[in-house]
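Participant: Sequence:
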Amino acid sequence: MAKIVETDEFREHMGGATLEYKGSTGQDVLLTAIAAGTPPDGGSNYSYVNWIIKNAQAVSGGSELADQDPLYGKIDEIGVRAVDDFTVEFTLNQPASFFPGIAQMWINWAQPEWLIKEKGDKWIEAENIQSYGPYALADWTHDVSMTLIANPFWPGTPEVPKPSIKYIYFTMLDDTPSFANYEAGLSDVSTVPLSEMDRIKADPVLSKELVTAPEYCTYYYGFNVTKPPFDDANVRKAFSWAIDRQAIVEYVTKGGQVPARWFSRPGLTAAPSPDLGDDFGPPVTADPEKAREFLAASKYGSADKLPEITLMANQVEGHVKIAEAIQQMWQENLGVKVNLVTQEWKVYLDTLDQDPPQVWRLGWCYDYADADNFARGVFRSDSGNNHTKWVNPEYDKIVDQAAIETDLQKRHDLYVQAEKILVEEDAAIIPIYWYTLVHITKPWVERTYGLGDHQHFEKWKLNK
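Count the sequence shown with the numbering used here and you get residues 753 to 1216, in order.
Do not take every clue at face value.
[Stated by the list, open to error] What follows is a set of in silico ranges between Cβ atoms, one per label pair, in the way DEER data are often shown: (1) I1156 to S897: 18 to 24 Å; (2) A932 to G872: 36 to 42 Å; (3) K1141 to T964: 31 to 37 Å; (4) D1105 to V835: 36 to 42 Å; (5) E841 to K1213: 35 to 41 Å; (6) A954 to P913: 35 to 41 Å; (7) I1156 to T899: 40 to 46 Å; (8) E1198 to E841: 20 to 26 Å; (9) N1215 to G1019: 30 to 36 Å; (10) E841 to K1089: 16 to 22 Å; (11) D1105 to P980: 31 to 37 Å; (12) E935 to G872: 41 to 47 Å.
[Said to hold, decoys possible] In silico EDC-like pairs for lysine to aspartate or glutamate, Cα to Cα no more than 20 Å straight-line: (13) K918 to D891; (14) K1057 to D1105; (15) K1216 to E1198.
To be clear, the hints were calculated from the coordinates, so they are not data collected in a lab. Keep in mind the model is a prediction, meaning the values are calculated, not measured. Note that CB positions come from ideal geometry on N, CA and C, so glycine has one too.
Throw the hints in and build the complete structure from the sequences for me.
Facilitator: Encoded structure:
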């Protein structure tokens, strides 16, 4: 956009026909945008992303005393309008240079209004779904597998060409069984379990098939700041300063990950740059002396006065290995024994929503490549992604100001201030590392590597 204004209007690409020969229209984009913010239950879990659109927060039930808000549930009041079949107009609450990124998110992709009216929630099943794009859904066995088929009606564009691979079959497996299938010749691409990294790197064949690529994701531990002993910022700092991030990426994950000293990964628009200096945020290598000083300065005073502590993670081999390494660091550097509890992923997410433990792990990958998606989208006090129960009005004020600032350097400087509060002054979280994508791929697959693991299979080729 040449100029940031309160109404953001742009052309939607509507060139592709669906499998039923119906082109998607501006009305379909309109339906999608308002559906993301439609009650009950606040609409989509991602409805907050669209709260920058006029009235979307109040309509979706995101405002205080939501059910008493006169706009609650009135979807016609959301600031989205289909001007014609090819144009959608969004009216925003404030200027937002990052809004085109939000408009391109999956929650705002066009959906077929006629099909949703006919099938309701079942419209996304393989036997019903109609979509636009280079691939269509052929089969979906929930939690097991998914098959995509090349869309014969996709015309191809310079950015999104016609696919050359006719079928793509996914199996929904954890790293270890996925890699076993890869070695058995049952799959062409796989993620890599941590336990196999050394063997793969030493193998003359497998090492050539291993690729690591940057990802705009951050691996972190969060504290429930309402539960002792992490109701004390000095205790939180002690636990953060006691972690050797360099050792974790070098000896545990081994996939080229980068030790993280703040949350918003460098490379995102307006995110803090890597040249901030070693005195910003927690250290890359552990500082046991400083960590013990923080603990001594806390209201607890010493390790023996801390209550029993539980660290929770989901049941994935890599997360468990990282947690065990950090357990050992806390034992060695602080003299604190921490219990580790793991849960199945869906149960784990429910736990974080309902009653977060004292300390827990998560990762965050970008939805749109801007620091706003990290700093404000995750840790603003009213974000549904903020499981820390941490509230800091000054932090909220800074990230809100950064969201409307149009000068890139000023936005960067504001996010530096926000990150300093988040990871250093209040230490509400422990940033651990910035992800890399670690895949192993058969030599006959010519592929691209999308940021955030957003793959563009239409650009892949099979050479066999």
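Participant: Against each hint, give a clear statement of whether it holds in the structure.
Facilitator: Now for the hints, and whether the structure bears them out:
1. I1156 to S897: 18 to 24 Å: Check failed, 44 Å falls outside 18 to 24 Å.
2. A932 to G872: 36 to 42 Å: holds (39 Å)
3. K1141 to T964: 31 to 37 Å: Taking Cβ atoms as reference, K1141 and T964 lie about 35 Å apart, which means the hint holds.
4. D1105 to V835: 36 to 42 Å: holds (38 Å)
5. E841 to K1213: 35 to 41 Å: About 39 Å separates the Cβ atoms of E841 and K1213, which means 35 to 41 Å holds.
6. A954 to P913: 35 to 41 Å: holds (38 Å)
7. I1156 to T899: 40 to 46 Å: holds (44 Å)
8. E1198 to E841: 20 to 26 Å: Given a distance of about 41 Å, which is not inside 20 to 26 Å, the answer is violated.
9. N1215 to G1019: 30 to 36 Å: holds (31 Å)
10. E841 to K1089: 16 to 22 Å: violated (58 Å)
11. D1105 to P980: 31 to 37 Å: Roughly 21 Å apart at Cβ, these two residues miss the hinted range, so it is violated.
12. E935 to G872: 41 to 47 Å: holds (43 Å)
13. K918 to D891: holds (14 Å)
14. K1057 to D1105: violated (29 Å)
15. K1216 to E1198: holds (10 Å)
When held up to the earlier numbered hints, the structure conflicts with 1, 8, 10, 11, 14 and fits the remainder.
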